[in-house]
Amino acid sequence: MEGKPYRERVERMKERVISARPEMDLENARILTESFQETEGLPLVVRKAKGFYRQCKEKTVKIWDDELIVGCSGSKMRGGILCADTCWSVLDEELDTISERKYDPFYLRPEDREMFETVIRPYWKGKSNYEEWLAQIPQDTRELRDHGVIYINRKAVRGWGETTAGYSWIITEGLKGIREEIQKEKDKLDLTVPGDYEKDYYLESMRIASEGIELLANRYADEAERLAAGTEDSKRKAELLEITRICRKVPLNPAETFWEALQSLYLYQICIFMEQNAASYNPGRMDQYLWPFYRDDLAQGRITEDKAQELLDCLWIKFSEPCLFQDAQTAEFAAGYPMFQNVCVGGVDTNGRDAVNDLSYLILQATMDVQLYQPSLSVRYSMAKNPNSFLKKVVELIRLGTGFPAFHNDDIGIRMLMNKGIPLKEAFDWNPCGCVETNLEGRLRHYTALADINLGAMVEFALLNGRNRKSGEIISVETGDPRSFDSYQEFEEAVKEQIRYAVRAVVKGSHVIDEVCMKRPVPALSLTFKDCIRKAKDYAWGGAKYNAGNGIILIGIADLINSLAAVRSVVFEKKQAAMAELLDALDHDFAGYETLQKQCRDVPKYGNDDETVDEIAGAMFTFIADEIERYQSKFGTMTPGILPVSGNTPFGLEVGALPSGRNAFKPLADGVSPSGGTDQNGPTSVLKSVSHIPHGRFVQGTLLNMKIEPELLSTEHGLIQMMALLKSMCSLGIYHVQFNVIDQKKLLRAQQKPENYKGLLVRVAGYTAYFVELGKDVQDEIIARTVQNGISVG
Amino acid sequence: MLRYEGASIHDGPGLRTVLFLKGCGLCCRWCSTPESQRFQPEKGFSARLCRGCGACAAVCPAGAMSIADGKIQWDREKCRSCFACVAVCPEGAQKQYGTWMTAEEAAKIAARDEVFYFHSGGGVTLSGGEVMDQPEFAAEVLRLCRSRGIHTAVETSLSVPWKNISQVLPYINLLYVDIKHMDSDRHRELTGSGNRRILENIQKLCGSKDRPEILVRIPVIPGQNDGRENLRDTAAFCESCGGISGIELLPYHRLGIETYRNLEIPYELADCLPPSAERMGEITAFLRTVTSLPVTTAK
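If you read the protein sequences in the order shown, they are chains X and V.
The first sequence begins at 12 in my numbering and counts up one residue at a time.
The second sequence begins at 25 in my numbering and counts up one residue at a time.
Just so you know, the hints here were simulated from the structure itself, not pulled from any lab data.
Values in this document were obtained by computation on a predicted structure and should not be read as measured data.
By construction, the Cβ of each residue, glycine as well, lies at the ideal position given by its N, Cα and C atoms.
If a hint is listed, it holds; no wrong ones were tucked in.
Listed next, with one range per pair, are the computed distances between beta-carbon atoms:
1) Gln382(X) x Gly305(V): 30 to 40 Å
2) Trp186(V) x Met12(X): 58 to 68 Å
3) Trp186(V) x His728(X): 27 to 37 Å
4) Met12(X) x Pro290(V): 47 to 57 Å
As a list, the in silico DSS-like pairs of lysine-lysine whose alpha-carbon atoms are at most 27 Å apart:
5) Lys210(X) x Lys187(X)
6) Lys132(V) x Lys585(X)
7) Lys769(X) x Lys132(V)
8) Lys102(V) x Lys609(X)
9) Lys609(X) x Lys769(X)
10) Lys764(X) x Lys95(V)
11) Lys119(V) x Lys585(X)
12) Lys586(X) x Lys119(V)
13) Lys119(V) x Lys787(X)
14) Lys68(X) x Lys197(X)
15) Lys764(X) x Lys119(V)
16) Lys609(X) x Lys95(V)
17) Lys769(X) x Lys119(V)
18) Lys132(V) x Lys738(X)
19) Lys787(X) x Lys95(V)
Cβ-to-Cβ under 8 Å is the rule here; a few derived chain V residues that face chain X:
20) Ala31
21) Ala79
22) Val112
23) Pro114
24) Val139
25) Glu282
So here's chain V without its partners, still in its complex pose (with noise of 0.2 Å):
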């Protein structure tokens, strides 16, 4: 588990409680949670926040903290993630991203908000990281949810074999899954896989007998996979499947930069800039004119 979220208003109806799951097979060029890609607890470190105190020096029992010119050097390659220096760090630059929990730990988070999903519709939903790379878990964790009454809702790249998906189908309420390119090749080359496997399994979605609400997101990506034939190409196959509820356009964002520097990630997409409003509404004017589905700009 990465970390969770209470009274979300944009992943699903009503308020929502989001738990982000850890470790993901896509490597997206525009992730902006490049800590949810791991499968494992991972350390990172703020150079912006650090102080040079020596506190995680003295306490790591690896030798990867050491001072030069009153700044802190970490050494990866001797790094156990231990996290003993998040603990002492009195700046918070030591940062831990992810944590082990059980299944019934992550539904109890999950039910601490019932009294708000009672008033707002609203419910749990699972986002990651991928969620179907962890199928029992997830599994668990919305069928204890389902169990209690809550509405379940998970974020998807459906990049994973169907028997992970069909493990976890039968406990959930509504499923969001994105097209990040209709080119297998050019999908390869933005995310780290092709597009086969993806689409396949949306189409075996829709047609399985209990399926979900299903809604699909593309992430609007300038200069990646915003051209009109791509836009075409998706809204085509969507209308194709018959049982997609509507298209939903998320707008690239940059929020994760940070991140990236604290794990010492190159980030590919430096000079890529946020699509404006303007450019948003044109893509989304123009796929209202190839297809009937209902298309809207998440916030």
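Chain X with its partners taken away, still in its complex shape (with noise of 0.2 Å):
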């Protein structure tokens, strides 16, 4: 961006949104009341739709200076929105301390909380979801989410999210279009025959979404006409008159320009986090659906590189406005206000070919720009058809340390569309989704992540005969003394029951969840499923294309593994300790039994390529897969991924001291990434090891997080080596990998905490050695002349 004529407002808006405070933005649960107050008695979906309506008619309406998109959810900058029909009382129970808590704070204004206490707390007492939710969930699931053995929560404390609107079809078609749908369908009803005025209030529920945000969008057509008459700079009032235009044209009307396209899909946008306040509306494939307007543009001389790189760079600011709102627990397991706006480049398209175009590029070089925490960029990779500058162009962005993107293998990603049902035709256009779970623009429905299952816990259970060690109580099936156990496979299996009863009770939940979202419809969403429309029927209901089972998410894969390698190991073929005496050991928290935690610390562990721990990796998870696809919704097949966000930590809380030689109450190992500092061999051995998993089959993701040394990407020669590490996972068959390059700071923290950076090794040519070895003098040395002096860590 340096010396590009946009970088000083790009820095301005940049500027303002990091030195914003994240408040509570009440406004929209306000007027969603009033609305409800007035629709008593009309069908619960008319009622949404109405109260939308309402809320488009009389949010604030705020456009902030340099602003090219425009477009907030609620009032505030940097609000997080509560929709009180789904979840009110998460925020009545966190008045107090919701402005300081240590996960994702919101400041909640001394008028506002008047506001809730007698307006909105006791409008909806006893109606929301969450309180159904809390009523409903059946005792052993609730016994294990209380015990820190499940997280399940997540969606009864938020709306929807988790899903891919059909944000093409509304730049294209435009709202009118859609309306032509919806009357074409409403003319087919005749309501004297069963469930056709169901469908009809269902149709006129969309309509009546579908003016709330023509009307909004006017509204900010309005608002910038008054700004553009309020002031002198002439250039601004350009903008500002192309921004009414704009407003007032989409996406009422198809798009017929880049910056249209961009501004309809970002109000879109809006909308439907308006509507339901959740984590995960993904745009998924921008480079393809805005691809023919920026195309057309450019041959129409309507527009210079530039300043589509300026526009794109807009709305990446504008993706990191709002916070989601979530209860503390929640903010726990996934911390960081995290939206999970997950943009896509690259991969194939729908004709299987290499979909890479100039697009693709700018919107790399969008989050290259801004770096924010916004959108959450992904990369679909197919090594046959996508070229070598469109790689190298990723490896940069890698380098940049941000943590983006998140590279995924194009192959295994379809495969996975593919096991959740979708002919690989449209397979082909799938996106990534939230974090790294697979989606389907505008067709699909399902909770990706309903649901967190501990695997450090499973491994516990089995230790303690169903026992929780935190409270003393017997929670989960009885699987046996493991003193009794005569061999390695009788612990295996009690592991093994100890899944199965965790799964069971998560599969019984999430039934719980589904029938209480039947009462979470969601009309605006719904407007850009096509199928919603043809079949009348709510994309809460059921009406998208395609419908899967709930995604069951596993954390702690390094720690089930580790642990059954160490038992294995230590108590029956080296018979290093019998098991009582390893109890006792975990018992203990390995004090006092130094040599024995030594002994199973020495154990061979996943990370390192050896055959002997990662053939435990691939039958375990084969058999958690299968134990998973065992259940059947009234959606479809469940859904198994391991996706820890930030969940690895706070499960990590509940589970004492395991056979991995890990101690009591540290956090779990992240994803399918090694526990941190047992890898030793480096990033190919690394990567070995993961691809024992048969990521293919964790349909809603597999999430690795890999060290990456900055020497292997600070010369053209590591940048190449860097792409070839890439294309070596994706012929492992390994699904996703991104990289926290190693830093000054990060050594620091391995001077201080070796324990955790045991691997990370420090290379010159014809000499490698362990950082956490060197003496101290070495290591400042070192600290002090990395990136400049070319010494390598990693």
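Using the hints, build the complex out of the two chains.
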């Protein structure tokens, strides 16, 4: 972005976002409440649509300085929106703490609190989805939840999300086109036919929602016009008049220029977020559906590359404004106001051919320019079809050390979609969703990450015969006193039985959520799911073209694998300790059992390309995928995934010492990554181990975090090797990786906490050493010289 | 075998797995890997990491480990290098340097990373220690790798009899050889041996019919071998050989100091600091004025 004409604008806007304090934004909740008070007696979905319409009509409309793309879901730039009908009581429980809580605080103004207590609470008490969930959660599910064995509240404390709306449809056809479809379906109805009345009012609710969107766009046009009239700055005046023109035109009408398409997309984005506060409304394949607009603008001389880049950069800053409101516990599992608006570039097109185009590069550049936490940028990399120039640009972005992009192996993503029951022709069009889940624009409904299962707890239950270590209570299935086990197989079977029990509890809970969510219709979101219109059936009710069972997420992968390997080796193969002694050691968190802990830690660990432990990974995760796929919901087969966001930390706090040698109440390993400090052989060995997990079967994605040496990325030669490493990862059938670039700060941390950085290598030609094993003097030297002098650490 | 590392980008083309062999006839004063000098597995002890728990003393069959004032004392004379203490030390303060391995096992380690070689044009690199001091092992490892289509490189001093080299030669694609000093007496002072055999071997190698690609490396040790005269002589020698494709400079580094401590070997160059980037630039520029061979600086 250096030297670009738009640099200053982008920097100013960025600074504004960074310096804004996240606040609770209750305006929408108040308007919804007032609307519901006036619509008693109407069908729920109509009331929801009318509430949405009224929000569009009455909400604060603001355009900030410098903006080229406008829109805000609430009244505040960095607002956390409360959806009262979904989960008003979440805020009720945190009124005193929300402003200062540890994870993701939101400032709550005294006047807002008063309004909440006098208007929102009295109306919604006893009526929200969250309260229904709390009243209906099955007993065993509740017990596991309350002890940190599973986490399953996420979908009850916020709205839908985890979906990719039909952005391309609204951009290309406009609300007008969508309304024609609605009318066509309405015309087919005969109100004397049973069921048609329900369809009729449903379609009516969609029409109302579409009018709300149109109205809101016009209000932004009015505001832009007002501001234009009030400014002396001729350049800004022209921009505001263009915004006025665009907001009058889209999303009501089909977009015809790149700028119009971006505005149409973003206005709809704020609308669906306004309708239901939730993470992971994913814009998806922007380089595909926006490409024709950019291409034609260029051809017609309506736009320059710089102008398009500026527009994208401005949109990127808009994506970083909203803050996800969630309860304190959910925030702990996914910290950082995570909106997870996942934008994707690359991959193959709907014919299976190379999909990379000039816009793919501009989108990567936008993330390089803006470097904020949103949007979540993903790459679909098709090794066979995408060009090296694209991969190189991706590596250049990785080099910046922002953690973006999430790098996805396209072939495995396609396979995951097919495993969800989607035909190849459409699976070609998949997009990453939220964290690393998989999705399909405007056609697929499910919760991609409904609940998390703590695999560390599964090992612990098998060791303690169903007892929870922290509480001392028996809360899971009793699988026998392991001291009586004669073979490793018996222990492994006990662990499997614990997993079966937890999966059953989650499935039961999931069915309750599915039922509660039948009362969570979303007409504004459903508008861009063509099949919702054709079937006159809401997204919430299964109206989308494809539906799948909810996602069940596993956390603590390496802890499970390493613990099984350690029990097998220490107790049954090498017989270094009897099971009773191991149990005593774990009871004491290894205090007084240091030698045994050392023996446990010396058992080969997942992440070192060691077949003896990696085969456990392959076998266990095939078992787990089988186990989850045994269950059906009314929407389809249940779907497994491995993505922790930050859930490995709170889950770790619930689990005592493990046979892997991990001490009590420490974080579990994240995603499919090795446990911190246990991978000793560098990145190739990590990838080889990780490839033992059958990634394609974990259709909600698998997440791999890797540390990477800055040296690998600081020269042209290193960059090329990094490209080779990524291609190798694809050859190995691994689904996803994202990189943490080791910088001086991380080396200082390694100096202070060497146990977490045991595998960190220092390399020069003909020489390698582990960083943590060097003396402090030499470590200091390396820290001082990292990057500048080309010592490579990783 | 001392150890191995994957994904190196400094020891030949592409991503490379580097196998470090143990044992070396030279004893360079700047050696960064003192644990690679002896031919047997050996024990090291890091007093820095030791917390004095006494687990080692409890298992040592030779009575080589004892506690005095809460600190572990290691009696090297008594130690039989059985490594019983390594298995029990909870802090990792007791270290084992080196392990016995067959050529098949070593080749298998290299073969694990084949997919990375395929995409990067990489391969296996044997380093040391002195690779050519174990010619049968090295030849067999490299032969097995080559038979699987893996590109092979060797890092060597060539301070060995020619018959050792000739055994390994057929299986090498790329060979790095060090020239540490052109003056034989000075070479003896710095490494414990004169340089005649090394220089003869290089010449012979260059003249051999199926020679591999050969790169000469000069370790740049400030004050020891980085004078203009020596550099000029080295370059002239390389040029005269007629089979060397380039010169690579290796800046001196001190990453091995801790290992000297662990092995209780005094570090003679304690006062020598690594050359600055500017100094390396100067040397490179100077060499380029005296030779037409490509000159690069290794990272």
